[in-house]
Amino acid sequence: MKNLNWRLWVGLLLSVVAFISYFNFFARFPVTRDIPWLNVLLFFAAMVLLIQGFRSARRRVMAGIVGAIGAGIFVFFIAVIILGATVLPSAASAPRVGQRVPDFTLLDTHRNPTSLQQILSSTPHGALLIFYRGYW
Amino acid sequence: MAISVDTPEESRDLSAKAGYTFTILSDSDTTTIRAYRLLHKGGAGHDIARPAEFLVDRNGIVRWENFTEDIRVRPRPEQMLKEARKLQNP
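Protein sequences appear in the order of chains E and W. Sequential numbering of the first sequence, starting at 0, is according to numbering that gives the first Met the number 0. Sequential numbering of the second sequence, starting at 0, is according to numbering that gives the first Met the number 0.
Chain E on its own, in the form it takes in the complex:
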């Protein structure tokens, strides 16, 4: 146990936790989802531990590999968060303010066909249409 480079391994573990916890936990809350500041902080702590671990390591090659994996997870996280979330098709030809939206008839959760016309005629002011990605 004396020879165990705990900083290095805790650093790697923290990198993994920082990555997974965003998708499994922090993405549920707008305050930690929109800007993943908490996960970036965790990654910074992980990087500090990895650097310290690397510096004090006797087996530099091994420590270098572990450090590179930890840093790689951080880079991958940034790529997924920044690039992955913003690759969306343009909505330039979608209906705009002042335009009439197309009517539709779709199945509700009880498999009853429901049309927009039907919904609009049953409300006093209008309706909010939310298109979402699904598979939640």
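Heads up, some of the hints might be wrong.
Unchecked claim - Part of the chain E face toward chain W, derived, beta carbon under 7 Å: (1) Asn23; (2) Ser92; (3) Pro94.
Said to hold, decoys possible - Label-pair restraints from in silico Cβ distances: (4) W:Ala34 / E:Ala84: 23 to 31 Å; (5) W:Ala34 / E:Thr85: 49 to 57 Å; (6) E:Tyr134 / W:Asn88: 19 to 27 Å; (7) E:Ile68 / W:Thr30: 44 to 52 Å; (8) E:Trp8 / W:Glu77: 20 to 28 Å; (9) W:Gly18 / E:Ser55: 16 to 24 Å; (10) E:Pro123 / W:Gln78: 20 to 28 Å.
Said to hold, decoys possible - On the chain E side, residues computed to face chain W include the following (Cβ under 10 Å): (11) Asp33; (12) Gln51; (13) Phe53; (14) Ile80; (15) Val96; (16) Thr113; (17) Ser120.
Hint data in this document are derived by calculation from the structure and do not stem from the laboratory. Backbone N, C-alpha and C define an ideal beta-carbon position, used for all residues, glycine too.
Here the structure of chain E is known, so what remains is to put chain W in place on it, guided by the hints.
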């Protein structure tokens, strides 16, 4: 109301789990999503809708819309309620 490619059964599960009371509609073959020009081809390994929100009046005219460029950033309920109130009290 909310629209996605999820099946009515998947949406029913989501609704029950989250306690939603609003209408959720299923556009499994993306006909409506295409009609609204919101198709994200292969967006989740298969075709889905890109996120979008429209507030429409009784005549089906858009009074407010929102198209995010980042899937993590969506309008907050209070923001949508504020816009809906404008429709109630113009």
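Right, here's what the structure says about each hint:
Interface restraint check: Asn23 of chain E against chain W, minimum CB-CB distance 15 Å, threshold 7 Å, status violated. Of the supplied interface hints, the one on Ser92 of chain E holds, with its beta-carbon coming within about 4 Å of a beta-carbon of chain W, less than 7 Å. Proximity of Pro94 of chain E to chain W holds as hinted, the smallest CB-CB distance being about 5 Å (cut-off 7 Å). Distance hint check: the CB atoms of Ala34 of chain W and Ala84 of chain E are about 26 Å apart, consistent with the given range 23 to 31 Å.
Take Ala34 of chain W and Thr85 of chain E: their Cβ atoms lie about 25 Å apart, and the range 49 to 57 Å is violated. Checking the proposed 19 to 27 Å range against Tyr134 of chain E and Asn88 of chain W shows it is violated: the Cβ atoms sit about 37 Å from each other. About 46 Å separates the C-beta atoms of Ile68 of chain E and Thr30 of chain W, a value consistent with the hinted range of 44 to 52 Å. The given range of 20 to 28 Å is broken by Trp8 of chain E and Glu77 of chain W, whose C-beta atoms sit roughly 44 Å from each other.
Range check, Gly18 of chain W to Ser55 of chain E: Cβ separation about 52 Å, and the 16 to 24 Å hint is violated. Pro123 of chain E and Gln78 of chain W have their C-beta atoms about 21 Å apart, which keeps the hinted 20 to 28 Å range intact. Satisfaction of the interface hint for Asp33 of chain E is found here, the shortest Cβ-Cβ separation to chain W being roughly 5 Å, below the 10 Å cut-off. Taken as an interface hint, Gln51 of chain E does not check out: its beta carbon lies about 32 Å from the nearest beta carbon of chain W, beyond 10 Å.
For Phe53 of chain E, the interface hint is violated, since its Cβ never comes within 10 Å of a Cβ in chain W; the closest pair sits about 33 Å apart. The interface hint given for Ile80 of chain E is met, as the beta carbon of that residue sits about 8 Å from the closest beta carbon of chain W, less than 10 Å. With a least beta-carbon distance of about 5 Å to chain W, the hint placing Val96 of chain E at the interface is held under the 10 Å criterion. Taking 10 Å as the C-beta cut-off, the interface hint given for Thr113 of chain E holds, the closest approach to chain W being about 6 Å.
A least Cβ separation of about 7 Å between Ser120 of chain E and chain W falls short of the 10 Å threshold, and the interface hint therefore holds.
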